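J.: Those protein sequence lines, which keep their order, are chains G and L. Our numbering applies: residue 19 is where the first sequence begins, and numbers increase by one. Our numbering applies: residue 563 is where the second sequence begins, and numbers increase by one.
Please note: incorrect hints may appear among the correct ones.
With a Cα cut of at most 27 Å, we get these calculated DSS-like pairs of lysine-lysine [claimed, not checked]:
id, chain 1, residue 1, chain 2, residue 2
1, L, Lys741, L, Lys685
2, G, Lys278, G, Lys87
3, L, Lys596, G, Lys26
4, G, Lys214, G, Lys132
5, G, Lys26, L, Lys685
6, G, Lys242, G, Lys106
7, L, Lys741, L, Lys789
8, G, Lys106, G, Lys87
9, G, Lys26, L, Lys649
According to the in silico footprint, chain L covers these stretches of chain G (three or more CB under 8 Å from chain L) [stated by the list, open to error]:
id, stretch
10, 27-39
11, 306-313
12, 332-340
13, 343-355
Some chain G residues flagged as far from chain L (calculated, every beta-carbon gap over 12 Å) [said to hold, decoys possible]:
id, residue
14, Thr23
15, Asp65
16, Asp72
17, Pro89
18, Glu169
19, Gly192
20, Lys242
21, Ile267
22, Ile284
23, Asn285
24, Gln287
25, Val393
26, Ile396
27, Leu401
28, Asp418
Just so you know, these hints were derived from the structure itself, not from any lab. Only a predicted model underlies this, so the values are computations on that prediction, with no experimental measurement involved. Glycine residues also receive a C-beta, built at the ideal position from the N, C-alpha and C atoms.
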Amino acid sequence: MYFLTELKEGLAISFRAIRSNKMRSALTMLGIIIGIVSVTAMATAIDGLNKAFDRSAKAFGTDIMYVEKWPWISNDDWSTIRNRPEMKLEYADLIERHATLLDAVAPVVVSRRKVSNGNQSLEDAFVTGTTASYNAASGNTELDGRFFSQEESSGGRPVCVIGATVAETLFPIGDPIGRTIRIGGFPYTVLGVYEKQGGLWGRFTSDTRVFVPIHSFQTHFGGKHWLTINVRVANLEQSEEAKLELEGIMRQARRLPPGKPNDFNINQQEILTSTFAQFNLVVAGIGLFITGLSLFVGGIGIMNIMFVSVTERTREIGVRKAIGARRRTILMQFLIEAATLCLIGGLIGLVIAFILVQIVNAAFLPASMPASVVVIAILVSLLVGVVSGFLPAYRAARMDPVEALRYE
Amino acid sequence: MTPVIHLEQISKMYDMGGAEEVHALRGVSLNIQKNEYVAIMGPSGSGKSTLMNIIGCLDTPSTGLYEFNGINVSDMDDNDLAKIRNKEIGFVFQTFNLLARSDALHNVELPLVYAGVSSSERKERALETLTHVGLGDRAHHRPNELSGGQRQRVAVARALVTRPSIILADEPTGNLDSKTGEEIMMLFEELHRQGNTIILVTHEPDVADHAHRTIRLRDGKIETDEKVTKRKTYTAAEVS
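Only chain L is shown next, with the shape it has when bound in the complex (with noise of 0.2 Å):
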């Protein structure tokens, strides 16, 4: 089966001007398949910010080759790549970056308007998603009216709204605390039992245990990469 992310020996150099280079990333190869549910952590400087900007199509490599679902991104154009993001990356983060001004219904139907959905269309899915993610009485309250843990949720929302084939969350539990992250983590882990492929961005061991997965990096290249044993679950009643 194709792996949905297929990753060879990438890398990634910044240019800091004059003769000097910074190497973010030293020739990562690694594959993510449908419906897993990966940790990637890292002390900051490992490059893991800059392996999650290049997996979400917002920076592009400097070598090596990127298939998203076997489709070569690596080279892809600023609207190529805004397409990509659109209809197949959901993105959460750390700092919610929901749009101040505007409710939750019209937060999450942001990426539905980039993709040219009809009005009536797009507030029925983003209603449903909201309910989805236990906010459908919330939807006309801004940001600012709402909780921390509700806000994530919105985002949450506007992640999944576009029914991407990756959700990826950066830190998606920094802001909030450990009660309220906690509900979030399992929140992701009901999504990713529903069979959403999420990728979570994370320097909190205790975070990253809910993954399946966890890959450490270290200096720009993968340290390890293994499947997690002790895994923290939640009983079916915690869940619902």
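This is chain G alone, in the form it adopts within the complex (with noise of 0.2 Å):
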């Protein structure tokens, strides 16, 4: 109860002092929102950034593993991984045969073609010859129409499933599904679109991708290209295992003897995320630091401008104590001043922020402001305004009233 009328009283005061000083604290509070506004930016960009993240990380899939010639992410030589042999197409056959605790083994190979239907076309398009079993050993599921069969992989045969952004530039209007379009200047039938992914990694997702059955991928662009097996984990929670039983067989097919490192790696998604994460940690400590030492210098300006205060009250904070003010209710008063000054200047902030954002938004990247970087932005105000006023406070309560109430 004495505690609420304490509050009640410093808010009031507050109010009064940040009334009658408005250009003093106006200027103070800037500090505060400058601040405010860069720690919440950079926390907004850094959110985004993870989103982004998780959301193209998903194109690789939890479950699948792309047993490859070259690590995603390494320290190692890159000579030494230069001179190992490379994948070959049999591997997958092997795979298939002897792994227990695999569902789904897909042989990718890649090369970037011409693809056009009439005047439509994009150079450079990420041609993949894969089989029927790639829908299941990839991270991309949602397809409109469907995948190439079995039999249609293993004939050869001249059909293929398209990404999003091939569809939409092939085809700005009406239903690619069932149209002929050339890839490298052969004809190839539209028999999926995948839906659209989007996310960090273009090249990586199946948006400029174009799909078909690895038969007729080497008859048409022959067989020389970076190999990749795609694998599906049976179950997830046996993935270590899996994982294990895919190195050894893959060790077998190389025919390496024991002691000698892997000559392939076995890359997942986890690795991307990890490394990510990371980075991320980094990005995100040297952002919120130097944004940080500008809520730093707003917290000395509240600090300075609560000493002038302080001074400038003496004789009132005096004639306070004659009356029955005791020390925590002066050091409340100026807590609660400083905590004002901040918390407007902290409100001021997010709403520029939040504008930013917006602005952001609508013209360049999706992003928006998390509910947590909100009460995070509102906690830290209110710390900087505890923290930076309590010097000032501290030195009012300590006040000798005698002293104040002589004080000119």
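Hints are included, so try docking the two chains, each in its own frame, into the full complex.
T.: As structure tokens, then:
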């Protein structure tokens, strides 16, 4: 009860003090406003980056492993990796025959070719040769129409499935399914269209790809291409065991004696996410530190102005003490004043940051301010107020009433 | 009967740095009973301000015993002293010391805020006290919208609102012209008649003449302590 009365009185005093020193308060708040705008904008950007990454990482699928010559991320010497033997198509059959913990295996080869539909064309589309199992052994599943069948795949039929961007480019109007397009000059019939994936890495998603049966691919575009074998883990809980099994099969296929290191890599989405998490932590740390500095400067401004305010009101403090204000009451009064200044500054900063985010959202990138950032910004501005107001408030609380009353 | 104020061998030394010490008070002893009207006089440097600060619990004595209503306050800590000041002592200052940004009503309310009284009761009591000093119609005026005499009345109302044991007035007419000064002295007279204990610190004999008892200080000691014989009084007609 007493505390509430004190709080109400403290707030009333703060508002009167802020109102009677409008210019000074506004300038002091500006420091906090700039601090909060930069911190929240930075936090929103980091959050946006995270979300974009998560969305993109989904394209790789959590249950998909990619057997490749090259690791996705590595500190190893580039030349030793380059000297590894190439991946071979028959590994896919070996894995399919021996693996017990995998339920889909699809070899994937990629070549960049021009695809066209009449006048509409796309240079350098990622033409991907694979088998009917691909749709099961990849992160892309949302499909309009259908993927090619086992028969079409092994028969090398001129059929294809296209990504969303390819579909948009080649067929600005109308349904692509059933139509014939030209891939590297050869006619292919469109069986299905993938839904748009978006995300950070367009080239890894299905958006700019064209999928054709691997045999057609080899006939039309040759056999020497970078081969990846996609496999899907049957049971996510056994993904470690599945990886070991896969490693064993691959080592046998490569005829590697025990003790020799793998000359292939089993890549997973996890590799990307964990690397990105580290990277993101560093970016977030540096970004928030630098923007936090501006908030710190704002806090110093608050401290400075609170010292001025305390000195100016020495006599008032004396009077308040004479008529019964305790140390704690005076301390609270000035803390509340500092916190109020910061809180108002913080709220104005949040509004400005929110408007900025809306502008960015409308003009450049999808961006939204997460609720957690709003809550944290409010708490941080309160904290800045309390921390920077503490020393001045403590000085006020410690004043000797006799001295304070005599102050001119 | 227990005196409201009981001072026994009160001394106050100020350390001026080094070996130098200033003795503001040297062994002051005195009792003030309920409903007394006392003037404390003395030239500047006599120690009357120090004595007032100690009586007002704004300061503590270096040595000696101070009992307020029978309670030893000589070695109370800051918070307890603040509580005593809040509940038992009403200050009236020479320069009024009102909060410039608050209206009369809020100024009078302030001691009740620190006493933790609820808002509605605060307003009621503050308005009642303002009416009592004749300013019921000025409750929402700020100090700069009031005359000097009215400001001092607000200050008196602020001193009275907690119904304290003593009213401690430090040169209450020092910043007023003589006519308004007289009006304030009449107000004190009336408050005394209503049973309040009043301690007046002044160097003007004219003002001190209103009191019933005059204590003169010199060099930190009580020089004289006597009943006033030919007091200035007002007729009942003048008071009302």
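J.: None of the hints should be skipped; say for each whether it holds.
T.: Evaluated hints:
Proposed proximity of L/Lys741 and L/Lys685 is contradicted: the alpha carbons are some 31 Å apart, above 27 Å. Distance check on the hinted pair: G/Lys278 and G/Lys87 sit about 16 Å apart at the alpha-carbon level, within 27 Å; holds. Between L/Lys596 and G/Lys26, the direct Cα distance comes to roughly 36 Å. Violation of the 27 Å bound is thereby established for this hinted pair. Pair hint G/Lys214 plus G/Lys132 holds up; C-alpha atoms about 20 Å apart against a cutoff of 27 Å.
Simply put, G/Lys26 and L/Lys685 have alpha-carbon atoms about 15 Å apart, close enough for the 27 Å limit, and the pair holds. In summary, the hint linking G/Lys242 to G/Lys106 is supported, as the alpha carbons are separated by about 10 Å, within the 27 Å threshold. A threshold of 27 Å between alpha carbons decides the hint, and for L/Lys741 with L/Lys789 the separation of about 26 Å falls inside it, so the pair holds. Proposed proximity of G/Lys106 and G/Lys87 is supported: the alpha carbons are some 10 Å apart, at most 27 Å.
The suggested pairing of G/Lys26 with L/Lys649 holds, with an alpha-carbon distance near 21 Å, which does not exceed 27 Å. Residue count for the stretch 27-39 of chain G with a Cβ under 8 Å from a Cβ of chain L: 4. That meets the three needed, and the coverage hint holds. Counting residues of the stretch 306-313 of chain G whose C-beta lies closer than 8 Å to any C-beta of chain L gives 0; at least three are required, and the coverage claim is violated. Check on the stretch 332-340 of chain G: 7 of its residues sit with their Cβ under 8 Å from a Cβ of chain L, so the three-residue criterion for coverage holds.
Restraint check on the stretch 343-355 of chain G versus chain L: 5 residues with Cβ-Cβ distances below 8 Å, three needed, restraint holds. Non-interface status of G/Thr23 relative to chain L is broken: a Cβ of that chain comes within 12 Å, the nearest being about 6 Å off. In this structure G/Asp65 is separated from chain L by more than 12 Å, as the shortest Cβ-Cβ distance comes to about 43 Å. Interface exclusion of G/Asp72 from chain L stands, the closest Cβ pair being 52 Å apart, more than 12 Å.
With a least CB separation of 69 Å from chain L, G/Pro89 remains clear of the 12 Å interface cut-off, as annotated. Annotated as non-interface, G/Glu169 keeps its C-beta farther than 12 Å from every C-beta of chain L; the closest such distance is 86 Å. Against the 12 Å criterion, G/Gly192 stays outside the reach of chain L, whose nearest CB is about 73 Å from its own CB. Non-interface call for G/Lys242 relative to chain L: holds, since the shortest CB-CB distance, roughly 86 Å, exceeds 12 Å.
Consistency note on G/Ile267: stated as away from chain L, and its beta-carbon is indeed over 12 Å from all of that chain's, at 79 Å minimum. Residue placement check: G/Ile284 keeps its beta carbon more than 12 Å from all beta carbons of chain L (closest about 70 Å). With a minimum CB-CB distance of about 68 Å to chain L, G/Asn285 clears the 12 Å threshold, and the non-interface call stands. Distance check on G/Gln287: its Cβ is at least 61 Å (rounded) from any Cβ of chain L, clearing the 12 Å threshold; non-interface status holds.
Look at G/Val393: its CB is around 31 Å from the nearest CB on chain L, clear of 12 Å, so calling it non-interface holds up. For G/Ile396, the requirement that its beta carbon stay farther than 12 Å from each beta carbon of chain L is met, with the minimum near 27 Å. Here G/Leu401 stays apart from chain L, with its beta-carbon at least about 27 Å from theirs, past the 12 Å limit. Separation of G/Asp418 from chain L is inadequate, the least Cβ-Cβ distance of about 8 Å not exceeding the 12 Å criterion.
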